[in-house]
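J.: Spelled out, the chains give:
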Amino acid sequence: MAILRLLELAPAQQQAASGFLQTSAWLLVAIPLLSAAFLLLAGKRADGWGHWVGVAAPGLAFVLGLGVTVSLLGGDAATRVRSLHLFSWIPAGSLHLDAGLRLDPLSLTFVLLVTFVGTLIHVYSVAYMDHDPSRRRFFAYLNFFIAAMLLLVLADSYLLLFVGWEGVGLASYLLIGFWNHETPNAVAAKKAFVMNRVGDLGMLVALMVMFASFGAVDFTTVFHGAPGASAGVLTAIALMLLLAACGKSAQFPLQAWLGDAMAGPTPVSALIHAATMVTAGVYLVVRSAPIFEGAPNAQLVVVIVGGITLIFGAIVGLAKDDIKKVLAASTMSQIGYMMLAAGLGPIGYAFAIFHLVTHGFFKAGLFLGAGSVMHGMDDQADMRRFGALQKFLPITWATFAIAWLAILGIPPFSGFWTKDKIIEAAFVGDGWRPWVFGLVALIGAGLTAFYMSRLFFMTFHGTERWTKDQHPHEAPKLMTVPMIVLAVGSAFVGGLLSIGGAFSTWLEPVTGHHEHAEPVLSVPAITVATLLLVLAGAFFAWRQYVVSTVPVTPPLASVLTRAARRDLYQDEVNEALFMHPGQYLTRSLTYGDRRVLDAGVDGIGRLVAGTGELLRRWQNGYARSYAATMVAGLLILLVVVLAFQS
Amino acid sequence: MNLSNYLVLASILFAIGTATVLLRRNAIIVFMGVELMLNSANLLLVTFARIHGDLQGQVMAFFVMVVAAAEVVVGLAIIVSIFRARGSASVDDVNLLKN
Amino acid sequence: MTQLSVLLSLPASITSGGNVSSGETALFWVLAPLMVFGALGLLFARKAVHAALGIVLVMISLAFLYTAQEAPFLGVAQVVVYTGAVMMLFVFVLMLVGVDNSDSLVETLKGQRWIGAILGLGVAAALIGVIQTATFDQARGLTTPNADSNPVGVARVIFGQDIFAFEVVGVLLITAALGALVLTHRQRLVPRVGQKERADARVASGGRLAPLAAPGVYAGSNAMDTPALDPEGRPIEESVSRVLRTRGQRRSATEVEAQVGGTSAIEPAQIEPAQIEEGTQP
Chain A
1 MAILRLLELA
11 PAQQQAASGF
21 LQTSAWLLVA
31 IPLLSAAFLL
41 LAGKRADGWG
51 HWVGVAAPGL
61 AFVLGLGVTV
71 SLLGGDAATR
81 VRSLHLFSWI
91 PAGSLHLDAG
101 LRLDPLSLTF
111 VLLVTFVGTL
121 IHVYSVAYMD
131 HDPSRRRFFA
141 YLNFFIAAML
151 LLVLADSYLL
161 LFVGWEGVGL
171 ASYLLIGFWN
181 HETPNAVAAK
191 KAFVMNRVGD
201 LGMLVALMVM
211 FASFGAVDFT
221 TVFHGAPGAS
231 AGVLTAIALM
241 LLLAACGKSA
251 QFPLQAWLGD
261 AMAGPTPVSA
271 LIHAATMVTA
281 GVYLVVRSAP
291 IFEGAPNAQL
301 VVVIVGGITL
311 IFGAIVGLAK
321 DDIKKVLAAS
331 TMSQIGYMML
341 AAGLGPIGYA
351 FAIFHLVTHG
361 FFKAGLFLGA
371 GSVMHGMDDQ
381 ADMRRFGALQ
391 KFLPITWATF
401 AIAWLAILGI
411 PPFSGFWTKD
421 KIIEAAFVGD
431 GWRPWVFGLV
441 ALIGAGLTAF
451 YMSRLFFMTF
461 HGTERWTKDQ
471 HPHEAPKLMT
481 VPMIVLAVGS
491 AFVGGLLSIG
501 GAFSTWLEPV
511 TGHHEHAEPV
521 LSVPAITVAT
531 LLLVLAGAFF
541 AWRQYVVSTV
551 PVTPPLASVL
561 TRAARRDLYQ
571 DEVNEALFMH
581 PGQYLTRSLT
591 YGDRRVLDAG
601 VDGIGRLVAG
611 TGELLRRWQN
621 GYARSYAATM
631 VAGLLILLVV
641 VLAFQS
Chain B
1 MNLSNYLVLA
11 SILFAIGTAT
21 VLLRRNAIIV
31 FMGVELMLNS
41 ANLLLVTFAR
51 IHGDLQGQVM
61 AFFVMVVAAA
71 EVVVGLAIIV
81 SIFRARGSAS
91 VDDVNLLKN
Chain C
1 MTQLSVLLSL
11 PASITSGGNV
21 SSGETALFWV
31 LAPLMVFGAL
41 GLLFARKAVH
51 AALGIVLVMI
61 SLAFLYTAQE
71 APFLGVAQVV
81 VYTGAVMMLF
91 VFVLMLVGVD
101 NSDSLVETLK
111 GQRWIGAILG
121 LGVAAALIGV
131 IQTATFDQAR
141 GLTTPNADSN
151 PVGVARVIFG
161 QDIFAFEVVG
171 VLLITAALGA
181 LVLTHRQRLV
191 PRVGQKERAD
201 ARVASGGRLA
211 PLAAPGVYAG
221 SNAMDTPALD
231 PEGRPIEESV
241 SRVLRTRGQR
251 RSATEVEAQV
261 GGTSAIEPAQ
271 IEPAQIEEGT
281 QP
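Quick note, the sequences are listed as chains A, B and C, same order. Just so we're aligned: the first sequence equals residues 1 to 646 in our numbering. Just so we're aligned: the second sequence equals residues 1 to 99 in our numbering. Just so we're aligned: the third sequence equals residues 1 to 282 in our numbering.
In short, the hints are calculated from the structure, not lab data. This structure is a prediction, so every number in the text was calculated from the model and none was measured. Glycine residues also receive a C-beta, built at the ideal position from the N, C-alpha and C atoms. Treat each hint with caution, since some may be false.
Said to hold, decoys possible - Every beta carbon over 10 Å from chain B, so not counted as near; a handful from chain A, in silico:
no. : residue
1   : Thr23
2   : Leu27
3   : Val163
4   : Gly225
5   : Leu318
6   : Pro554
7   : Asp602
8   : Asn620
9   : Val631
Stated by the list, open to error - Once the Cα atoms are required to be at most 20 Å apart in a straight line, the calculated EDC-like pairs of lysine to aspartate or glutamate come out as:
no. : chain 1 : residue 1 : chain 2 : residue 2
10  : B       : Lys98     : C       : Asp200
11  : C       : Lys110    : B       : Asp93
12  : C       : Lys47     : B       : Asp92
13  : B       : Lys98     : A       : Glu613
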């Protein structure tokens, strides 16, 4: 099949940005960045109104992004990839890199998602962080995050992407550890940052191999040269990019940080660790499509990693009692779906991104709902202490229910249109692959249904299991309105964008046009099987958590449940494999440094001092010993001179 | 007899003068040892003057004598004033330059 | 004068240039052990004076040797300057410092004795070794330079080639003499107390200036228990024995006068029996 991708056009054929809106696209990054700087520098006097500046920044960015998108839609499909040159960045010998922005459907999709959901969450945070004296700083960090994320998706070279990549990592660290006077929060932030760093190493190695093979790191040159490079090189680059994506998106094996990241404020979890930052890994894989397609083994690894993660997240989500941690495990699992789709090749790219967009809506909605519940329950997060909250938080219940149905994949809500398509795409192929991947995706859907229903029922239904002096109350308007908007999005975005395959067509300049392929099971069979599994999962959850009483203390359960409560021992494994050997290595190196090197150097010093100490005794003040020294010296000189003469 | 016998004698006297400087504590005796060394040098010079047939050696010995005389004057004045100040003429007493 | 000229003309006969005559050999072998003995005396003598005598022996022998070596001028200078002036200076200083001064034989510096011995022997060995291994020209002797007699020859060199060194050495001698004066100059720390100063001090302290008068002088009586009167007419307590004073047996001058019936210029009110003082003698 002829895949014409505008990505693979030669550099000379790239189209430059035109028109006022497109050439102002750099403002998308600049406005939030300036706002962040302003908020950080403004000082205490801005505490009363600074957060509105913080809300305005992504709002403005959204409007501008919408304008750019409309201007792109105005032309025909061939003109939808534009590049905007900003400035000459690194003119260093053989590497000549310019900083610029790439405006194409993929990046603009992300821009719209990030700014829209971001603005809603900013509004939510005004009320959520109302009592916090550092609210202004919070908004500064959020704006900085928005700026970095937009830079990441708009960059036209891997190096500029990496700048945004690091920026979001920094923002994540700052925001997870926002309440760093509590040590566990600071530790969680550090853990997230360090694990991200491992992924960043993959990114750097990929950059280096790219530079070595193609002589450049910007998208145009790399993608143009990808078809001509050897499979080995492409596999290496792809695997390293996958490592980077795993770090950022909390995929196996770098998934341990996401659960701990829930220590940050709930808006942070909603924005960064659900809708946007963690999807950056998927963006990277889809963006690097030309590279992955030249490395089929790497694609297989991507699919396997996605599959493992989606099951892993589902199992962990089944057993956790902290509402945010269940949602974190769910995020991990859903991104597993996206990775699986992205690894399937051109048939999966569009659905990966589509699922990413709908997931952004309903996951953000779920997190904001959880925040609202926690707000109403005095910051309690243990679901075993919730129950029967439907009457008390009706708006929250309604928005949460819509998002829940969306994530389950019940038609006509958004999730159905995207997740089912991924499962279908997983069943496409030859040999053992479609069966394995398809079944994994299917089972994952069933598990997702069970644990999300468990969460919903434990929180809003069943019996009251509250602690004393709980007065659940609905959230203020500033919190409920964003939730309502997101619920509307969760309900309709999927359906609307699927009409006539509009979304896939929109993405074609980037992902390439693919012919529809037949899965090994027929499409109706897959759809019915999925729905049945989902309904069964929901039913079992209803039976266990609404009909039966939910114990307030976690009951002794099977080995797997106990393991799932401990995140399937991920921390223990990490510590045993990496932390302890690393610490041992550090200890032995410092020991060597101290005992061997320092001792050597100190030894020389002590030797000199000791020798001096010995020689000092020679100067005893007596003229006669000095005279003896003189005569001895004279004698030695005499002998030496005579010896040399003869 | 060889004229070098005088040289050997001068060397022996020089060595004894050195030993005196190193071994005796009384400042005046040390000084006398120095004088002995100077005298042995004079003998050496005179002998060489004879060997070379040149009076320059004797003239040098003469100057050594004069300078030694001046040196003795000043040196003994120093010893006397130190003795007046400290009541002792021992060389070991001036040991304040020690570490 | 003639003896001197005879002496000065001797060199030609005793030494005859570079050749060593048997007389000289004998002289050498007699003097050399003596000199070594004298030097060892300097090294080992306990009393400083003995050491001085040892070195004087060495110096006089050296004078002999100089003369034997065709350097009569230097030999005379050796006796006059070295033995006569320098060594006498040493002896004077020895007397100033303490002629009985003897060093204890205990060595205060650890190992100095061994070091001194080894170094001394080492120096001797090194020098003698050099001498023995060196080859010398045939000795030329000083017959030619001494043709007009040795002092003339030496004078020619000193006042000819080395005139500048000669002048400098003269300055050096003057400086040395001045230096010795400066070094031994004793700064008077307190003003010198001469007779005038003593007398002034005696007057200022208010003590007795004149000698003590004998009891009864200037008094109407010369009894032992009557005080003498000073020129102003006041009784001098100390002229009565202290024992009598302590016992209270002193009689006042007016009592005596009344008894004796004498007249004096004393007003009764002026005369008071003085307090018994244990005064100091004026």
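J.: Okay, which hints does this one fail, numbers in order?
T.: Hints 8, 9 and 10 not satisfied by this model.
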